[in-house]
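Novice: For the protein sequence lines, the chains are C and G, in the order given.
Take 930 as the starting number for the first sequence in my numbering and just add one per residue.
Take 930 as the starting number for the second sequence in my numbering and just add one per residue.
Among the hints, erroneous ones may be present.
No copy labels: a pair is met if it fits in one copy or bridges any two.
[Said to hold, decoys possible] Within a straight-line C-alpha distance of at most 25 Å, the following computed DSS-like cross-link-like pairs (lysine-lysine) qualify:
{"id": "1", "residue 1": "LYS1095", "residue 2": "LYS1038"}
{"id": "2", "residue 1": "LYS1035", "residue 2": "LYS1025"}
{"id": "3", "residue 1": "LYS1083", "residue 2": "LYS980"}
{"id": "4", "residue 1": "LYS1095", "residue 2": "LYS944"}
{"id": "5", "residue 1": "LYS1035", "residue 2": "LYS944"}
{"id": "6", "residue 1": "LYS976", "residue 2": "LYS944"}
{"id": "7", "residue 1": "LYS977", "residue 2": "LYS944"}
By construction, these hints were calculated from the structure, which means they are not laboratory data.
Protein chains: 2
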Amino acid sequence: MIEVLRLGHRPLRDKRITTHTGLVARAFGADGIVLTTEDNAVINSIKKVVKNWGGNFYVKVIKDWESYIKNWRGVVVHLTMYGLPVEETIRDLRGKDLLIIVGSQKVPKEVFELADFNVSIGTQPHSEVSALAIFLDRLFEGRELYKEFNGHLKIIPSEKSKKLQKI
Amino acid sequence: MIEVLRLGHRPLRDKRITTHTGLVARAFGADGIVLTTEDNAVINSIKKVVKNWGGNFYVKVIKDWESYIKNWRGVVVHLTMYGLPVEETIRDLRGKDLLIIVGSQKVPKEVFELADFNVSIGTQPHSEVSALAIFLDRLFEGRELYKEFNGHLKIIPSEKSKKLQKI
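Isolated chain C (complex conformation) (with noise of 0.2 Å):
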């Protein structure tokens, strides 16, 4: 089991950020992903995506993320540029049963100290999107790619063109 926490979400602002880290966590091997703020958008994007291409991936909306995180029976890994290298620490993360948190801009300090690992992706600022695309490749070690997803929709890659097979 993997889920993805996003913490810190502000409608106005990061309504594409989210829905992204949300389609990362599919698209990269996750089981779902879970909101601390109810954003309908948000939540729709992911779903039709789920619908349209497939897989089991669920979303869900808690009120008490600190609750949350506190009974967690696994590891808990909060990826923050502040954290530990991900080469250091993904061995001991492997087949654990995973809840993976990702924060906005201000992540409260309490966080830190809740998560198992504090985990980073380079010391650079980027994006919380591309530090979960990176985290989860690391884990799955690129597999995640290949992952099928028996959808209504598939791509036949190609050279040139797009080739969507409609199923």
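Position chain G against the provided structure of chain C, taking the given hints into account.
Specialist: Below, chain G without anything else, positioned relative to chain C:
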């Protein structure tokens, strides 16, 4: 020379996605980003990161993306879920001057023709931000995460806290 060309920015919708694309380009080892829309919020966010965190990453705005692509003296790569898998193409791209095109939702058909390589990061929908990160990570084989930027701000990796060095 590795340059990222961001096609199709819509200021109301894409501000943060384009900013994150620029930050990923920088953090993952590209030399600069080219925008096709003058959006000062985006440009200033990226420039502020360069000023504080170091490196020579540049941002420029162009009007005519079509002739820009045609005049590129190197290899043109278009990141698209419809392309050929990154694993099959990346070996041919290392060590070359690359223009890496990342689009938003509607990329003109012409771009598929103009590109020397249409490259996919998996065949599921996710994000231009994650696609660019994984592409550059494959290109530089993970070494980009250790690039030194010699900026005013520097993170000291830490297990539980934020350690930021100001120089």
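Novice: Confirm or reject each hint.
Specialist: Hint check:
Taking the closest pair of Cα atoms, LYS1095 and LYS1038 come within 25 Å of each other only across two copies (20 Å); inside a single copy the shortest separation is 47 Å, beyond that limit. For a Cα distance limit of 25 Å, the shortest separation of LYS1035 from LYS1025 qualifies neither inside one copy, at 28 Å, nor across copies, at 39 Å. In this homomeric assembly, LYS1083 and LYS980 come within 25 Å of each other (Cα to Cα) only inside a single copy, at 12 Å, whereas the closest approach across copies is 43 Å. With identical chains, the CA atoms of LYS1095 and LYS944 are never at most 25 Å apart, being 28 Å at best within one copy and 32 Å at best between copies.
Proximity of LYS1035 and LYS944 under a CA criterion of 25 Å is satisfied in both settings, with 16 Å inside one chain copy and 19 Å between copies. Taking the shortest alpha-carbon separations for LYS976 and LYS944, both the intra-copy value of 14 Å and the inter-copy value of 23 Å come in at or below 25 Å. Taking the shortest Cα distances, LYS977 and LYS944 sit within 25 Å of each other both inside one copy (15 Å) and across copies (23 Å).
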